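Please work from the sequences and hints to get the whole structure.
Chains as they are written, first to last, in my numbering: chain A, 4 to 371; chain B, 4 to 371; chain C, 4 to 371; chain D, 4 to 371.
Fair warning: there could be bad hints in the mix.
[As the list claims (entries may be wrong)] A few chain A residues that face chain B, going by a derived Cβ cut-off under 7 Å, partial list only:
{"no.": "1", "residue": "133"}
{"no.": "2", "residue": "207"}
{"no.": "3", "residue": "267"}
{"no.": "4", "residue": "312"}
{"no.": "5", "residue": "314"}
[Stated by the list, open to error] Just the calculated beta-carbon pair ranges, DEER-fashion:
{"no.": "6", "chain 1": "B", "residue 1": "273", "chain 2": "C", "residue 2": "40", "range": "35 to 45 Å"}
{"no.": "7", "chain 1": "D", "residue 1": "91", "chain 2": "B", "residue 2": "153", "range": "40 to 50 Å"}
{"no.": "8", "chain 1": "C", "residue 1": "264", "chain 2": "D", "residue 2": "40", "range": "36 to 46 Å"}
{"no.": "9", "chain 1": "B", "residue 1": "273", "chain 2": "C", "residue 2": "49", "range": "50 to 60 Å"}
{"no.": "10", "chain 1": "C", "residue 1": "313", "chain 2": "B", "residue 2": "319", "range": "57 to 67 Å"}
{"no.": "11", "chain 1": "B", "residue 1": "281", "chain 2": "A", "residue 2": "281", "range": "29 to 39 Å"}
{"no.": "12", "chain 1": "D", "residue 1": "295", "chain 2": "C", "residue 2": "200", "range": "30 to 40 Å"}
{"no.": "13", "chain 1": "C", "residue 1": "325", "chain 2": "B", "residue 2": "362", "range": "51 to 61 Å"}
{"no.": "14", "chain 1": "C", "residue 1": "325", "chain 2": "D", "residue 2": "273", "range": "23 to 33 Å"}
{"no.": "15", "chain 1": "A", "residue 1": "363", "chain 2": "C", "residue 2": "325", "range": "38 to 48 Å"}
{"no.": "16", "chain 1": "C", "residue 1": "362", "chain 2": "D", "residue 2": "313", "range": "31 to 41 Å"}
{"no.": "17", "chain 1": "C", "residue 1": "362", "chain 2": "A", "residue 2": "103", "range": "28 to 38 Å"}
No wet-lab data here; the hints were simulated from the structure.
What you are looking at is a predicted structure, and each value in this text was computed from that prediction instead of being measured.
We treat Cβ as the ideally placed atom computed from N, Cα and C, and that holds for glycine.
Number of protein chains: 4
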Amino acid sequence: MSFNTFGHLFRVTTWGESHGPALGATVDGCPPGVAVSEAMLQHWLDRRRPGQNKNMTQRNEPDAVRILSGVFEGRTTGTPIQLMIENTDQRSRDYGDIADTFRPGHADITYHQKYGLRDYRGGGRSSARETAARVAAGGVARAVLEDLVPGIAVKGYMVRMGAMALDRARFDWDAIEGNDFWLPDAQAAPEWEKYLQAQRKDRNSVGAVVEVVARGVPAGLGAPVYAKLDTALAAAMMSINAVKGVEIGEGMAAAELTGTGNADEIFMGEDGPEYGSNHAGGILGGISTGQEIVVRFAVKPTSSILSPRRSIRRDGSAMEVVTKGRHDPCVGIRAVPVGEAMMACVLLDQLLLQRAQTGAAGPVGRIG
Amino acid sequence: MSFNTFGHLFRVTTWGESHGPALGATVDGCPPGVAVSEAMLQHWLDRRRPGQNKNMTQRNEPDAVRILSGVFEGRTTGTPIQLMIENTDQRSRDYGDIADTFRPGHADITYHQKYGLRDYRGGGRSSARETAARVAAGGVARAVLEDLVPGIAVKGYMVRMGAMALDRARFDWDAIEGNDFWLPDAQAAPEWEKYLQAQRKDRNSVGAVVEVVARGVPAGLGAPVYAKLDTALAAAMMSINAVKGVEIGEGMAAAELTGTGNADEIFMGEDGPEYGSNHAGGILGGISTGQEIVVRFAVKPTSSILSPRRSIRRDGSAMEVVTKGRHDPCVGIRAVPVGEAMMACVLLDQLLLQRAQTGAAGPVGRIG
Amino acid sequence: MSFNTFGHLFRVTTWGESHGPALGATVDGCPPGVAVSEAMLQHWLDRRRPGQNKNMTQRNEPDAVRILSGVFEGRTTGTPIQLMIENTDQRSRDYGDIADTFRPGHADITYHQKYGLRDYRGGGRSSARETAARVAAGGVARAVLEDLVPGIAVKGYMVRMGAMALDRARFDWDAIEGNDFWLPDAQAAPEWEKYLQAQRKDRNSVGAVVEVVARGVPAGLGAPVYAKLDTALAAAMMSINAVKGVEIGEGMAAAELTGTGNADEIFMGEDGPEYGSNHAGGILGGISTGQEIVVRFAVKPTSSILSPRRSIRRDGSAMEVVTKGRHDPCVGIRAVPVGEAMMACVLLDQLLLQRAQTGAAGPVGRIG
Amino acid sequence: MSFNTFGHLFRVTTWGESHGPALGATVDGCPPGVAVSEAMLQHWLDRRRPGQNKNMTQRNEPDAVRILSGVFEGRTTGTPIQLMIENTDQRSRDYGDIADTFRPGHADITYHQKYGLRDYRGGGRSSARETAARVAAGGVARAVLEDLVPGIAVKGYMVRMGAMALDRARFDWDAIEGNDFWLPDAQAAPEWEKYLQAQRKDRNSVGAVVEVVARGVPAGLGAPVYAKLDTALAAAMMSINAVKGVEIGEGMAAAELTGTGNADEIFMGEDGPEYGSNHAGGILGGISTGQEIVVRFAVKPTSSILSPRRSIRRDGSAMEVVTKGRHDPCVGIRAVPVGEAMMACVLLDQLLLQRAQTGAAGPVGRIG
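Okay, here's the thing in structure tokens:
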């Protein structure tokens, strides 16, 4: 069954296909009384919008979001918020050649196998356009989160793109917004661009690793075992198109550490516990410690490439696929604001859960 | 809120603490008429049982599972199956010294912060003992899965333990059961043992990467977007104690690939589509392709070590923690049967979802 | 938290307020490959549309439904179906007098208390207009249901309206569509109309009891205990605006019966078990028997009346409310197609659940 | 699929059959730090225990509840609470004659049809014994509820038993605990007993209506539309064995009222809004008003009677059923504490939801 909802209390259901009339998100369970406007959401959508620069697809859509319900006189009412983005740049070309073809690395073949039919125009439901709805919903989550936890901040950036890797020694939080790659290293950006353009000219694409960090998250969010905050974040990030790996803190590298090396020692600071390191990514036993929450996810290289790949048609006959059209050479770039949106949704959801169970939006147990 | 349930239709809720009278799993939504017995479940529990060899903790519990409901005359009835494992080896020592102490890398501090109190005996709910309940539930899932999909096979093994890494060129499926590490390389096992014993003597521990593979999974399981099969697997694995990273197929390494390198080309075989490679880990667009499903997860090094680590007490005073007691030097070893159990539960759940939506437990759309 | 979703596998989330730009339903989990069109859904919407005759409010809206996603080339794709109905007849009058007033019998006061603010225009989320979204979603459910279970039929009708009660001896299934009251007694309809117009002239309103029957439902739908089919139906009907009571089969009157009088004796018919009576309303032990499913629900009299009622303003001051505007004298009439829609949604959801757990959309165990 | 869970945040999953080793409830999402003991739960279980007097079945089980997890040093820890009740009085008689027989009014035939097999001993999962688990879980809910809302009170009583009806003019809240029928009229109790014994001697049984009232419930619980508090209560009560009708406030009788008669006029009292009447049963627009919450449900007459009823065997052959054994002549009596338990669970769940969405366990919007 296709469940298109995520979240327990702050629940987002996305809907819509690439070439249908519209797509959007139904946001249920939003706390009342928070200022939310189309302009606020548009800010975040503009960040992920394609056609902004030559490192993205040239499909040009304004992605204008409309709020159809749940907001009255500029404030959330506590009832469902419907966010709609109309599809305006659907080129009315003939998709007949794609209808019976399965592009390697795409959902074409599995959608066909699962459902027996599919909306093949532009990838239908599997299009990266679906993530626009997430970003809009994430904008609502951010507004509420900032209302409930003043000073909370969520930021994503790229740490790898194919062969290019961020030099952590040069990490600059303030550089992130200043380049096309959300790269926390202003100086390296031109080199990344050169690399990506070379891939594009080579009719190829590359993968990426995106890191999303949340600062100012109170201790106490998450829960033991299946409802670990790690679990919620892993599910959220892995649910993004083309994502194939998720890490919290040290992530996969934790396997290479020893117990002494991995331990985040605890000290008493002025405002509560402090930690000597953050191997755990801000989550212990599934629950936030108050440190930075650190999540990374890998986005596979864009499957739509101009280089021919062997495949089959629905009738089983062999063919070669060359995916024409306007595609990102690294879809991971656009995944940065999507990762931020998912982080915001998860944190708000967990905050509401914590508030439900304990009556507080932060830690209950005192230390010191 | 602490949700201790996983699965949509085959739903498992685990309960219980390390040193309470018992722990177990409530399994709801199990198809009726399938042969399930305590002996069948015990088989899987015995695989994860501590005290089996010197590479594991010496805590010795039989971990005998009892079926309290939902099975009648040897067959599932479709009603909830209650699985209970009594805690028999709870040493009645004084835990007073732990009660007000927060061990680095443990859930002690966050449980305290979240709830204001905690069952500190043996880690309480955060104990790895919780995974015994998962393995028991996974035994039920396996029985049903094998009933519905003859020939399906789920197997886990270690691919890394600290500095030791599996040599893929020597991969031997049949060697997995023959050594203490579920290592698919019989020859390498003694070296792994030597390495681990050195860590233990050094009062240290190491992390691990476990890989779980499912063969014979029909195409069509999973769903687009948030309900991607990748998502369900990532959530399931990340929910295991101490897991901090999850990968499907290429996983994090997909970021370093190009589109041409990552494409799994498609060919027509005798029984349907075949693929030239499996970078995607058997999942495209969130839906199984019929290839092997390949998942990996990283387990951090055991936090309970005999080397002193700095921490604080509940009153904020500084102290040094040395965790005595019986602990696995690499908790990742015992995570192998747990990962298998989670894979089995997820696949069965997805099979039921596919059956609900399409009436078939496999692919609906024909190819060729 | 406001959960606006119903259903487990066929999941409907309604959204929208009376005077916002639009309202609608997000339908997730719909089986693929079923023919669904706007015209098919419009048919059911037209049945509940106000302004059709003098027994309804004179608000005149076309209630035209648009399918924004999830249907491709006339067939469902298995992805979320977004149904949108634009609000076109929102009179731009000043609602200032209502903003701070709590109308007796309305949600005004409790919405204010719960959320601290409310969209007061036309009742906002509490408007009966929300049921249009349910009817649209119900249209999808019917299409799928008829595809899966040929011959299944769902029909609603009125059995009471204030002092008027259906004479069961004159029950005529074929008369239902032929009058303004969905009354299965063509001869009595004029008398009901006379009665209702008298109430309207008296600046009053009346309540109603609606009965919804499903024929051709296979045995085996529902489940024991909490997931009784009775439970799903009770929740579905009680969730409709203004409904305050729900009955299955004998309903409340079962309390006055004896065990001998209430027993539905069982006989062997040609096609399976047959029953001597249907006190149970087609549901035994929470599971359908194959008989007619019979549900009734009571709709309270319309709270918006022209007769003055005492109330208070937000500042606590006393006042008298006279609700002007265009209101149904018996909102129960319009609840008939809504009840049908809920029945269709519940039955489809249960059918999918049965298919998930047993692989069959009907009974598994043989008799005879 | 058999979902045996109820509640959104305070989640109760019951498990177990009449003649298995044990039955119980898994309670997830319970707030931490609340005093809960086996003795507290036993108090409520003792109220529903059979064998207490001649108006109940003579099956004699202590129904001793054990807490297996989730409570530490007398307080809830926020982790799952496992409640187990062992079945001690399972008479080891031969059930062979029931195995292939379908008793009219019982779940025998539908369980067989749905699942293809059933645990026929004592009704298996459909036994009224399942309600013991609910009462135990309800005891936890009460403890938390009283901790969060001092002064809250939940009480159930009978208002009808077959031909006997409570005279509302003689209603006495303090009489409820003093007789076998939870009858709020001490004087009438002997007459009810005489009536019931006559039914028993006549080898018959009767139905009942139970009313459950909650006092001291804050305004603001519940939500619009599908999540109406009415919906949650209807689902909870309808999920009890043998219940076939549920009413809130006026219930079905609302259909016979006019708008003027049904309106609960609002006045300003010293502590907030007050109402001139309570036709709505304390719920407006799906949300609690602060008045008494009033729910009623009908329990059908016990199906197990000594009078012969016609039925069939599994092979389709005709037979007559006479249900021997120890059965309540009016199972509605024992449903009183069950209804209370369900009310407590629903109210706590709603309180947690309100706390999640608004941060308050009561009303947010000020009046006056």
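Hint by hint, here is what the structure shows:
1. 133: At 6 Å from the nearest chain B Cβ, residue 133(A) passes the 7 Å test, so the hint holds.
2. 207: holds, 5 Å
3. 267: holds, 6 Å
4. 312: holds, 5 Å
5. 314: holds, 4 Å
6. 273(B) x 40(C): 35 to 45 Å: Holds: the Cβ-Cβ distance is about 40 Å, inside 35 to 45 Å.
7. 91(D) x 153(B): 40 to 50 Å: holds, 42 Å
8. 264(C) x 40(D): 36 to 46 Å: Because 44 Å falls inside the window, the suggested range holds.
9. 273(B) x 49(C): 50 to 60 Å: holds, 53 Å
10. 313(C) x 319(B): 57 to 67 Å: holds, 59 Å
11. 281(B) x 281(A): 29 to 39 Å: Hint holds: Cβ distance 35 Å, inside 29 to 39 Å.
12. 295(D) x 200(C): 30 to 40 Å: holds, 36 Å
13. 325(C) x 362(B): 51 to 61 Å: holds, 56 Å
14. 325(C) x 273(D): 23 to 33 Å: Taking Cβ atoms as reference, residue 325(C) and residue 273(D) lie about 27 Å apart, which means the hint holds.
15. 363(A) x 325(C): 38 to 48 Å: Taking Cβ atoms as reference, residue 363(A) and residue 325(C) lie about 45 Å apart, which means the hint holds.
16. 362(C) x 313(D): 31 to 41 Å: Because 33 Å falls inside the window, the suggested range holds.
17. 362(C) x 103(A): 28 to 38 Å: holds, 31 Å
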